Amino acid sequence: MGVDTVDGMTRIDKEPGGAAVTVRGLVKHYGETKALDGVDLDVREGTVMGVLGPNGAGKTTLVRILSTLLTPDAGQAVVAGYDVVRQPRQLRRVIGLTGQYASVDEKLPGWENLYMIGRLLDLSRKDARARADELLERFSLTEAAKRPAGTYSGGMRRRLDLAASMIGHPAVLYLDEPTTGLDPRTRNEVWDEVKRMVGDGVTVLLTTQYMEEAEQLASELTVVDRGKVIANGGIEELKAKVGGRTLRVRPADPQELRPLAGYLDDLGITGLATSTVDTERGAVLVPILSDEQLTAVVGAVTARGITLASVTTELPSLDEVFLSLTGHRASAPQDTAPADDREEVAV
Amino acid sequence: MTTATLSPTAADTRIPLRGHLRHTGALIRRNLLWIRQDPESMFDALLMPIVFTLLFVYVFGGSIGQALGGGQDGYVQYVIPGMIAMMSMTLSQGVGTGFSQDFNSGVMDRFRSLPIGRGSVLFAKITVELARMLFATTVLMIVAVLVGFDITRWPGLFAAVGLSAVFASSIMWVFLTLGVVLKNAQSVQAMGFLVLFPLQFGSSIFAPTASMPGWLQAFTDYNPLSTLADAARGLMLGGPVAHDLWVTLGWSAAITAVMAPVAIHKFRTKS
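First to last, the protein sequences are chains A and B. At the far end of the first sequence sits residue 327, using my numbering, and the numbering has no gaps. At the far end of the second sequence sits residue 1563, using my numbering, and the numbering has no gaps.
Think of the hints as simulated: they come from the structure by calculation, not from any bench. Note that this is a predicted model, so its numbers are computed, not measured. Hints are supplied without guarantee of correctness; some may be wrong.
These stretches of chain B come out as covered by chain A in the derived footprint (C-beta under 8 Å, 3 or more residues) [said to hold, decoys possible]: (1) 1321 to 1329; (2) 1393 to 1399; (3) 1406 to 1420; (4) 1464 to 1472.
In silico negatives: residues of chain A with every beta carbon more than 10 Å from chain B [said to hold, decoys possible]: (5) Val7; (6) Asp22; (7) Glu86; (8) Glu117; (9) Gly179; (10) Asp180; (11) Asp246; (12) Asp271; (13) Glu294.
Here are the computed lysine to aspartate or glutamate pairs in the DMTMM-like style, where the Cα-Cα straight-line distance is at most 25 Å [said to hold, decoys possible]: (14) Lys1562(B) with Glu192(A); (15) Lys175(A) with Glu192(A); (16) Lys126(A) with Glu1332(B).
Using N, Cα and C, we set each Cβ at its ideal position, and we do this for glycine too.
Generate coordinates for the entire structure from the input sequences, incorporating the hints supplied.
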């Protein structure tokens, strides 16, 4: 995958399925604040690694170190065979960066942005032109090619960001909170684009605050908090750990809330954690792992003769993920998961 | 590791000259497109020479000219070379504000994550600002002729413009540093104003220093803007220039020697 030699230097690791990103004991302090406090991370070639955590967990610091924008205080990081500290220029040639911060030039038209980056990546004029045209086409921006990027809608802007990061055919792509601040429809659009890029074999490191985004895009997940990795593994494995989905059962009569919660726990058919009661919204939250458990819960409640107002399933919010993994809430205040994470289930 | 034979820094800085030129060219194109996209950004370069020339010539020209012994026409001859110096200083601020905007918008992070020499970004900005400065100087000379300035020595005029550009490009390193270090473009502008205003007015640009109090004269004598203005005057009107020329070039070399490494270091290590 990607470039084997750059400037006559050979990359360290070229086996398919090998490590695209290897991070060991990465530390970055800002005065007293430990942005990264000994992070280990492995991303295999051709996979999508999700890095999930609240604001201030160190996600962006990690991406900035891996894209050579920051120098770590300690530890080692190797991306596509290049050491971030010792071989920054070779490394920059094989990465793409799309983030909250790294951005296109708002004053330049979309095409000019892509052409400029092509030239900065040493494409000939002709190739830079062709690549700009090709990527605008691919990201459905051809019609907006001549308009300044500052006039683009949120979704178009992110698509242009993605196109910009793809110009050099990167081996590893960093997506730093690619959908933060987007409305649900636009977010789905960006997800589809990312999935297409992953289909082309790019290795992706994705940071996000949303469990749903991680589930949509990533095959593996690393959960970070206060500069430390608090969990990692396959996405299914972690979902099982945090209870997969949450079933929100709302009885018609609020008086039934507590008896219902006790009853469900006694049945022992729920996931790993026990149910909790959300008195504010009059619902019992039941962690479940499978559709069978969902059916069993609904069946049991019906058998008991309790009338239900609604049953919905939702993915655990970041807060719930943290609660089940660490026993405490996410350390920094953050947005709750987007409202449309909830899918109505017919009752 | 196969890289062991090469020292990391040597391997890492090897961009061929052609590469640097290509990158700088692409970034210059970007800055020119900015101007096309937003022609108002040229208003300062267009209007400043007009407004300042008219103000100084018609508001102060009569009385200062009288003191000089040549009336308003005499003042035109005196002040225009100084205006070239002033204009180049004021416009050199643009590199700082432009840089600050690029950092805040995230464009700079994109550049810094690309395999280009970081100097390309700096040099492209300096080149475009120097071009803007030449444009402003051209406007200034047109206005100057219209208000009665006699261009008697063309080579001297070009030499004066060249000297101003040399000095301005050394001052640009100061503004680049401010652009990297300060939080936003407004602070860069405010700081620039604080630095430039006393330097410009505490100099021989607008009026001879002979009537100033001794302590101020001591300042103006060492102020590089005085020597720049006096050198420009000598070059354009005739008269002794050697001393002022060398002092100005000395200042340029000293400012560049100190501030260019500082700017590049701050730029490289900015997080």
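Evaluated hints:
Figure legend: the stretch 1321 to 1329 of chain B, annotated as covered by chain A; annotation consistent (5 residues with Cβ-Cβ distances under 8 Å, at least 3 required). Residues of the stretch 1393 to 1399 of chain B with a Cβ under 8 Å from some Cβ of chain A number 3, which satisfies the need for three, so the listed coverage holds. Proximity of the stretch 1406 to 1420 of chain B to chain A, defined as three or more residues with a beta carbon under 8 Å from a beta carbon of that chain, is established by the 3 residues found. Given as covered by chain A, the stretch 1464 to 1472 of chain B fails the check, having 0 residues with a CB less than 8 Å from a CB of that chain where 3 are the minimum.
Against chain B, the non-interface label of Val7(A) holds: every CB pair exceeds 10 Å, the least being about 15 Å. Every CB of chain B is more than 10 Å from the CB of Asp22(A) (nearest about 19 Å), matching its label as outside the interface. For Glu86(A), the requirement that its beta carbon stay farther than 10 Å from each beta carbon of chain B is not met, with the minimum near 7 Å. Glu117(A), annotated as away from the interface, keeps every beta carbon of chain B farther than 10 Å; the closest lies near 22 Å.
Once the 10 Å rule is applied to beta carbons, Gly179(A) is consistent with being away from chain B; the minimum gap is 24 Å. No Cβ of chain B approaches the Cβ of Asp180(A) within 10 Å, the least distance being about 21 Å, so the stated non-interface status holds. Every C-beta of chain B lies more than 10 Å from that of Asp246(A), the closest at about 54 Å, which supports listing it as non-interface. Taking the minimum C-beta to C-beta distance to chain B, about 43 Å, the non-interface status of Asp271(A) holds against the 10 Å cut.
Separation of Glu294(A) from chain B is adequate, the least Cβ-Cβ distance of about 33 Å exceeding the 10 Å criterion. Restraint check for Lys1562(B) and Glu192(A): not satisfied, since their Cα atoms lie roughly 34 Å apart, outside the 25 Å limit. Between the alpha carbons of Lys175(A) and Glu192(A) the distance comes to roughly 14 Å, so the proposed pair stays at or under 25 Å and holds. As the CA atoms of Lys126(A) and Glu1332(B) are separated by approximately 20 Å, the hinted pair is consistent with the 25 Å bound.
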